[in-house]
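Chains as they are written, first to last, in my numbering: chain C, 223 to 327; chain E, 223 to 327; chain L, 223 to 327; chain W, 223 to 327.
These are calculated hints, taken from the structure and not from any lab test.
Errors might be hidden in some of the hints.
What the hints assert, rightly or not - Computed footprint of chain L on chain E; a stretch qualifies when at least three of its residues, placed anywhere within it, have a C-beta under 8 angstroms from a C-beta of chain L:
no. : region
1   : 235 to 241
2   : 269 to 279
What the hints assert, rightly or not - Over the 12 angstroms line for every Cβ pair with chain C, so calculated as not near, a few chain W residues:
no. : residue
3   : R247
4   : Q249
5   : T251
6   : A255
7   : D256
8   : R257
9   : P259
10  : V260
11  : P287
12  : R288
13  : E297
As the structure is a computational prediction, the values presented were derived from the model and not from experiment.
Even for Gly, the Cβ is constructed at its ideal location relative to N, Cα and C.
Residues per chain are reported as follows:
4 protein chains.
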Amino acid sequence: MVNADRALESHETACLLNVGEKPARVQITLFFADRDPVGPYEIEVDARRTLHMRFNDLAEPEAVPRDTSYASVIESDVPIIVQHTRLDSRAAEISLLSTMAFPAE
Amino acid sequence: MVNADRALESHETACLLNVGEKPARVQITLFFADRDPVGPYEIEVDARRTLHMRFNDLAEPEAVPRDTSYASVIESDVPIIVQHTRLDSRAAEISLLSTMAFPAE
Amino acid sequence: MVNADRALESHETACLLNVGEKPARVQITLFFADRDPVGPYEIEVDARRTLHMRFNDLAEPEAVPRDTSYASVIESDVPIIVQHTRLDSRAAEISLLSTMAFPAE
Amino acid sequence: MVNADRALESHETACLLNVGEKPARVQITLFFADRDPVGPYEIEVDARRTLHMRFNDLAEPEAVPRDTSYASVIESDVPIIVQHTRLDSRAAEISLLSTMAFPAE
Chain C
223 MVNADRALES HETACLLNVG EKPARVQITL FFADRDPVGP YEIEVDARRT
273 LHMRFNDLAE PEAVPRDTSY ASVIESDVPI IVQHTRLDSR AAEISLLSTM
323 AFPAE
Chain E
223 MVNADRALES HETACLLNVG EKPARVQITL FFADRDPVGP YEIEVDARRT
273 LHMRFNDLAE PEAVPRDTSY ASVIESDVPI IVQHTRLDSR AAEISLLSTM
323 AFPAE
Chain L
223 MVNADRALES HETACLLNVG EKPARVQITL FFADRDPVGP YEIEVDARRT
273 LHMRFNDLAE PEAVPRDTSY ASVIESDVPI IVQHTRLDSR AAEISLLSTM
323 AFPAE
Chain W
223 MVNADRALES HETACLLNVG EKPARVQITL FFADRDPVGP YEIEVDARRT
273 LHMRFNDLAE PEAVPRDTSY ASVIESDVPI IVQHTRLDSR AAEISLLSTM
323 AFPAE
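Whenever a hint applies, use it, and build me the whole structure from the sequences.
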């Protein structure tokens, strides 16, 4: 399963929800306009838990570049739900994810 | 059928729409970052009616915690449509639901 | 085909897009919290055209009530795309549609 | 595959993401309320890259009209992901795409 979305601005966050009974191993890859993708960043979402991830906190394999547009692809070994959010003290914008199931086969 | 979405901030509401001819029995479960899920909260949406639900009004089995991020999974025994909204006097943000139909079989 | 969305506030608009070669006959039904649905309101979207519809302009079979929450179901005899928008001079909110294809059979 | 969305206001942008190994040849067609569609505008998104496209930069076959509502249909020869965004210095609105896969066959 692949959840894919894009982050156009800094201070991006993603809320990951794992409603299942098994932990989700999640891999995040960042795509850019003029360089090769970076990743995967690896995080885990416990069973029946949410995780509020800040992109700027991603450190390995390298810090997320600031002031650079990027897109992110979020892959999980179990189905999860991802909501991409940009926090703003005045007005928050919420981007929805186009979730595409890629048959594992 | 499962409609799943996440509420990251207080003052969240959900607008539920039941366009069918039968009342919808709806169960809401809240998921958290560091504790077990809470629920189900049970509400009913009459046939051919909308219901504007405020998460902070949910009381049983326990009040929705304030200042705590949570995600919600909304399940209904008949198909409904759910729109998740955060009301703000200056600018409202609307989050879309990833609606996943789980075959009842 | 049914496109369904909800309008929670006044000054709602919907942008309808018909990319096909045939005009789309569109029927809009409004749902409320405590009264029977109203409609259908009928509009037509020409082939290969967009139509910017203001809900408050709907007049037949009755004016859209102000200061009343409502949900709308938009049905078309040919596939169309609907974007629901609330115009605000400071910050616009955009709600996405959950589009459900009901087999015509 | 067809990604379709609508642009109701000026200063619209679209972020295109190609996670595949082959360049994506993308064609954009604009639809209007009272005139024939214009296009296709042609752009290419390199393999494993993002492209941040400003609608107002589209020049061929003709400049995108200002102060005119339009809808866009974005077609690609390989699957891509499109996020439609309106940039605003105070609050950005994000519209989601209704992505419809039209079997090529």
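Verification of the supplied hints:
Coverage of the region 235 to 241 of chain E by chain L holds [criterion: at least 3 residues with CB-CB distance below 8 angstroms; count 3]. A count of 5 residues in the region 269 to 279 of chain E with a Cβ less than 8 angstroms from any Cβ of chain L is obtained; the coverage claim is therefore met, three being the minimum. Here R247/W stays apart from chain C, with its beta-carbon at least about 18 angstroms from theirs, past the 12 angstroms limit. The claim that Q249/W lies off the interface holds: its Cβ sits roughly 19 angstroms from the closest Cβ of chain C, which is beyond the 12 angstroms cut-off.
Its beta-carbon lying about 20 angstroms from the closest one in chain C, T251/W satisfies the requirement of being farther than 12 angstroms from that chain. Distance check on A255/W: its Cβ is at least 26 angstroms (rounded) from any Cβ of chain C, clearing the 12 angstroms threshold; non-interface status holds. The non-interface label for D256/W is consistent with chain C: the shortest C-beta to C-beta separation is roughly 31 angstroms, beyond 12 angstroms. Non-interface status of R257/W relative to chain C is upheld: no Cβ of that chain comes within 12 angstroms, the nearest being about 30 angstroms off.
Every C-beta of chain C lies more than 12 angstroms from that of P259/W, the closest at about 24 angstroms, which supports listing it as non-interface. For V260/W, the shortest C-beta to C-beta distance to chain C comes to about 26 angstroms, beyond the 12 angstroms cut-off, and the non-interface label holds. No Cβ of chain C approaches the Cβ of P287/W within 12 angstroms, the least distance being about 25 angstroms, so the stated non-interface status holds. Annotated as non-interface, R288/W keeps its C-beta farther than 12 angstroms from every C-beta of chain C; the closest such distance is 23 angstroms.
For E297/W, the shortest C-beta to C-beta distance to chain C comes to about 16 angstroms, beyond the 12 angstroms cut-off, and the non-interface label holds.
Checked against the numbered hints listed earlier, the structure breaks none of them; every hint is satisfied.
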